[in-house]
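Asks: If you use mature numbering (1 follows the signal peptide of the UniProt record, and there is no 0), the sequence shown corresponds to residues -24 to -1, 1 to 130, in order.
Incorrect hints may have been included.
[Unchecked claim] Here are the simulated SDA-like cross-link-like pairs (lysine to any residue), alpha carbons at most 20 angstroms apart as the crow flies: (1) K118 x Q81; (2) K95 x C68; (3) K95 x A71; (4) K118 x A76; (5) K118 x A71; (6) K34 x D44; (7) K95 x D128.
[As the list claims (entries may be wrong)] Derived CB-CB ranges, DEER-like: (8) K118 x A93: 37 to 43 angstroms; (9) A80 x D44: 26 to 32 angstroms; (10) D44 x V120: 16 to 22 angstroms.
Don't read these hints as lab results, they were simulated from the structure.
The beta-carbon is built from N, C-alpha and C at its ideal position, and this holds for glycine as well.
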Amino acid sequence: MRWIRGIVAAAALLTVTACGEQTAATGSGSAEAGGPPPASKELSRSPEEVPGGGPVPKGQIDASALPDGHPVDVAVDEGGRTLTIVAQEGGCTRASATVAEQTAQRVEVTLVESQPADKNTMCTMDMRYPPLTVDLDEPLGKRVVVLEHQRDTH
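Given only the sequences and the hints, what does the whole structure look like? Please build it.
Replies: Shown next as structure tokens:
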């Protein structure tokens, strides 16, 4: 009988641990409450959780074109030539990023969310936040990162 209690306790511990690791790995939810991602266009992760060399300061990011609830996490590598941007995708959609324009004042990055052209495709209801990288011609420096959003079909 003791071994049954031990197995039940171990299974409960593994379930709690696995759920906590999934939330941390996917980046979904707030670290404090374990809830859904924030609905505002603030940084949805603390700087130490942003993938890449270091976070781009919030004042250097223009995310006004992103849909409500979209994460705004941008990091730059130590050399300043690679941006890592956390995108949003779910179900059958796939995220990609391209540099649309680079000037002395700004870097415009288009985040594309592609969905299947066939409307009869069955899709899951999960959300994912993949880190996407784009390469810049010159180091980012003080330039503003402008994030655009586009929906497409594949």
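Asks: Could you tell me which of the hints above the structure violates, numbers in ascending order?
Replies: 5
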